[in-house]
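Here the protein sequences come in this chain order: A and B. When we follow our numbering, the leftmost residue of the first sequence carries the number 87, and every step to the right adds one. When we follow our numbering, the leftmost residue of the second sequence carries the number 87, and every step to the right adds one.
Hints should not be assumed to be uniformly reliable.
Here are the simulated lysine-lysine pairs, DSBU-like style, with alpha carbons at most 30 angstroms apart [unchecked claim]:
1. Lys-129(B) with Lys-100(B)
2. Lys-100(B) with Lys-186(A)
3. Lys-157(A) with Lys-100(B)
Just so you know, these hints were derived from the structure itself, not from any lab.
2 protein chains.
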Amino acid sequence: MRIIDVRETVVPIKSEIRNAYIDFSQMTVSVLALVTDVVRQGKPVVGFGFSSNGRYAPSELLRERFIPRLKAAGPETPVDESGENLDPVRVWDVVRRNEKPGGRGERSVAVGVLDMAVWYAVAKIAGLPLFRLLADRFRGGVFDDKVFVYAAGGYYYPAKDLSALQKVMQGYLDLGYSVVKMKIGGAPLSEDLRRIEAVLKVAKSSDQLAVDANGRFDLEHAIAYAKALVPYRLRWFEEPGDPLDSELQARQANHYAGPMATGKNLFLLQDARNLIRYAQLRPDRDILQFGCALSYGLVEYLRILGMLKDHGWSPARCIPHGGHQMSLNIAAGLGLGGNESYPGVFQPFGGFADGIPVKDSYVKLSDIPGVGFEAKGELFRVMKNADGKPSGQP
Amino acid sequence: MRIIDVRETVVPIKSEIRNAYIDFSQMTVSVLALVTDVVRQGKPVVGFGFSSNGRYAPSELLRERFIPRLKAAGPETPVDESGENLDPVRVWDVVRRNEKPGGRGERSVAVGVLDMAVWYAVAKIAGLPLFRLLADRFRGGVFDDKVFVYAAGGYYYPAKDLSALQKVMQGYLDLGYSVVKMKIGGAPLSEDLRRIEAVLKVAKSSDQLAVDANGRFDLEHAIAYAKALVPYRLRWFEEPGDPLDSELQARQANHYAGPMATGKNLFLLQDARNLIRYAQLRPDRDILQFGCALSYGLVEYLRILGMLKDHGWSPARCIPHGGHQMSLNIAAGLGLGGNESYPGVFQPFGGFADGIPVKDSYVKLSDIPGVGFEAKGELFRVMKNADGKPSGQP
Numbered sequence: 087m088r089i090i091d092v093r094e095t096v097v098p099i100k101s102e103i104r105n106a107y108i109d110f111s112q113m114t115v116s117v118l119a120l121v122t123d124v125v126r127q128g129k130p131v132v133g134f135g136f137s138s139n140g141r142y143a144p145s146e147l148l149r150e151r152f153i154p155r156l157k158a159a160g161p162e163t164p165v166d167e168s169g170e171n172l173d174p175v176r177v178w179d180v181v182r183r184n185e186k187p188g189g190r191g192e193r194s195v196a197v198g199v200l201d202m203a204v205w206y207a208v209a210k211i212a213g214l215p216l217f218r219l220l221a222d223r224f225r226g227g228v229f230d231d232k233v234f235v236y237a238a239g240g241y242y243y244p245a246k247d248l249s250a251l252q253k254v255m256q257g258y259l260d261l262g263y264s265v266v267k268m269k270i271g272g273a274p275l276s277e278d279l280r281r282i283e284a285v286l287k288v289a290k291s292s293d294q295l296a297v298d299a300n301g302r303f304d305l306e307h308a309i310a311y312a313k314a315l316v317p318y319r320l321r322w323f324e325e326p327g328d329p330l331d332s333e334l335q336a337r338q339a340n341h342y343a344g345p346m347a348t349g350k351n352l353f354l355l356q357d358a359r360n361l362i363r364y365a366q367l368r369p370d371r372d373i374l375q376f377g378c379a380l381s382y383g384l385v386e387y388l389r390i391l392g393m394l395k396d397h398g399w400s401p402a403r404c405i406p407h408g409g410h411q412m413s414l415n416i417a418a419g420l421g422l423g424g425n426e427s428y429p430g431v432f433q434p435f436g437g438f439a440d441g442i443p444v445k446d447s448y449v450k451l452s453d454i455p456g457v458g459f460e461a462k463g464e465l466f467r468v469m470k471n472a473d474g475k476p477s478g479q480p
Numbered sequence: 087m088r089i090i091d092v093r094e095t096v097v098p099i100k101s102e103i104r105n106a107y108i109d110f111s112q113m114t115v116s117v118l119a120l121v122t123d124v125v126r127q128g129k130p131v132v133g134f135g136f137s138s139n140g141r142y143a144p145s146e147l148l149r150e151r152f153i154p155r156l157k158a159a160g161p162e163t164p165v166d167e168s169g170e171n172l173d174p175v176r177v178w179d180v181v182r183r184n185e186k187p188g189g190r191g192e193r194s195v196a197v198g199v200l201d202m203a204v205w206y207a208v209a210k211i212a213g214l215p216l217f218r219l220l221a222d223r224f225r226g227g228v229f230d231d232k233v234f235v236y237a238a239g240g241y242y243y244p245a246k247d248l249s250a251l252q253k254v255m256q257g258y259l260d261l262g263y264s265v266v267k268m269k270i271g272g273a274p275l276s277e278d279l280r281r282i283e284a285v286l287k288v289a290k291s292s293d294q295l296a297v298d299a300n301g302r303f304d305l306e307h308a309i310a311y312a313k314a315l316v317p318y319r320l321r322w323f324e325e326p327g328d329p330l331d332s333e334l335q336a337r338q339a340n341h342y343a344g345p346m347a348t349g350k351n352l353f354l355l356q357d358a359r360n361l362i363r364y365a366q367l368r369p370d371r372d373i374l375q376f377g378c379a380l381s382y383g384l385v386e387y388l389r390i391l392g393m394l395k396d397h398g399w400s401p402a403r404c405i406p407h408g409g410h411q412m413s414l415n416i417a418a419g420l421g422l423g424g425n426e427s428y429p430g431v432f433q434p435f436g437g438f439a440d441g442i443p444v445k446d447s448y449v450k451l452s453d454i455p456g457v458g459f460e461a462k463g464e465l466f467r468v469m470k471n472a473d474g475k476p477s478g479q480p
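For reference, chain A alone in the conformation it holds in the complex (with noise of 0.2 angstroms):
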């Protein structure tokens, strides 16, 4: 059998009620039909589903995301084991494709989207750098003039050897930067020891070498990885378990005696002190990768910066997620103990200000009034482009 197509219709379900949160009056449900080629009494099964509603049609993600990748499996269609039916969880796993795991979706990073251009606004009309305007209203004026950087890479290419792994974080060396970090948990055990062992060679010291398994591991892989990493001495050991679940953080760290970092895959106030809460995280060694772009903007970033000072962290152990010039303005005005940075990925959205190096894992920021983004060509040609004239506006 296979699923012939899938189709999204979005039906308003208005109404005048409300709770104690919200009213329903912009309510909509996305209502789906599934067509199939097998055949019952004589026409063909049609699957239909709908949203529950309360949290508004999610038409973008059916229609761009999950019904195309559950298209695409085309006669790959995730049948059972008769073969003359669906299986959900492998249609589950289909569609989850692709998919970054902790359970936030769009919408903190439409809301973060949108309180990135507020506060570039609002620094525009004071017409001061965003760094400084932070520094102004959060830390009496102060704000640090360079930040610590360190280069993210070490994906997984395809058809890469170690050869190539290591001249790429050598080219991150080379670019001034003496922190870098590299992903495992892509691979088994054994290949990611050879690849870390591989980059080790042409770092000067293991304290220049990060790792992040990006939430992979089940807590008895994360504690052979801590087990097995702990005589490297690495700079740090990134995210080994789901990013929502404390308990196995705090377990395999029993393992694990270095600086650990986590929280890029959390993205709310209320995440973030369930990790402080729960997860047992060490004030004077672990690093929190909290980031503001993805996570309901610098509004929420500025709460969770008070809910850490009310647990006794200092913002000094932030290093948020997300290698861009509003991260950079952001640590620089705030105090934060650096930023990631993504040399020659993301563009051009990633990196900082054309122009200015970094040296010994530091930069500096541009003095333009705003968040910078003037001082980086490419991606202001693409902000340029984005602000089309309205119609009707000369």
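Knowing the structure of chain A, use the given hints to seat chain B on it.
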């Protein structure tokens, strides 16, 4: 000052890299231009922002909800005290208006609707109503031939007085429900107590009434409500605080010996597990309201039931959020404690088969293969409309 326009553009940033979880072959970013009427250096200030990559451009949320809310503020543009610049916190509040608490966004909702259509097709192809298929697969063929349902309503309607609320709740009792639920937390405590007392006048006993605060309260208010509600001996007290704040739940329950209900805004196995780990809920009386349609579907719900079993909880303690036939089938097939119902609202999606009345708060299921949508005429008409022929097909 005011905001003249806000525009969003999607920019692809495809890349061949992958980490332990995802590849970036289809990755996109939203770029936002927020045009103000403030002039600096002879030109209007435009705020720019972009979404951090890794979670896909959330265009629809921006275009359908967040940007329109900000534009609708119009002359009420959320400015700071000077009136000359934007206030990012007030912008944030405007943008988040009418969004439910809990950080989960649309991803779990979109997967949920697809999962529903898949299970419908699976049951249809198997020639079984879903509850029987589930009972066969997961419960040795045992199913319940009727399911406990309660009527959720008692919202804050505009301009409704207490007699109108009494009438609505009396209507539910007349429909055959012996348990009804009303909203609290959208008014001062004293007014909510008057509303509760008004409803208790039409109920036979206080355990016919449950109350739902929709996560509105901080700890202080949650405890104040707990103390005020204890003497009423209500059926249950639902979601006093933020859905992700297990500590609040645990601490306020020290002041509330009666049954509590929560979990309807947790959309993921990991969140459900954190609730069980940290909120000190009581398996002898408390009620778990995880649903499937908002929460990555029945596939994820089955994992949640597995986790509950590991923690010593009976499926009978589960009464899912979402009063529709999908949840009803799951309840009957998997032996849950019941299902919500919203008589008359969220139509045509809410509610059960036409012509099967609720008796003493129990409802029977249609025997039609699938989820029973065909037995609910108005709903099935909407679904058939959603099943338009793809272009080029007969």
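Which earlier hints turn out false for this structure, listed by number in ascending order?
-> When the structure is compared with the hints, only number 1 turns out to be violated.
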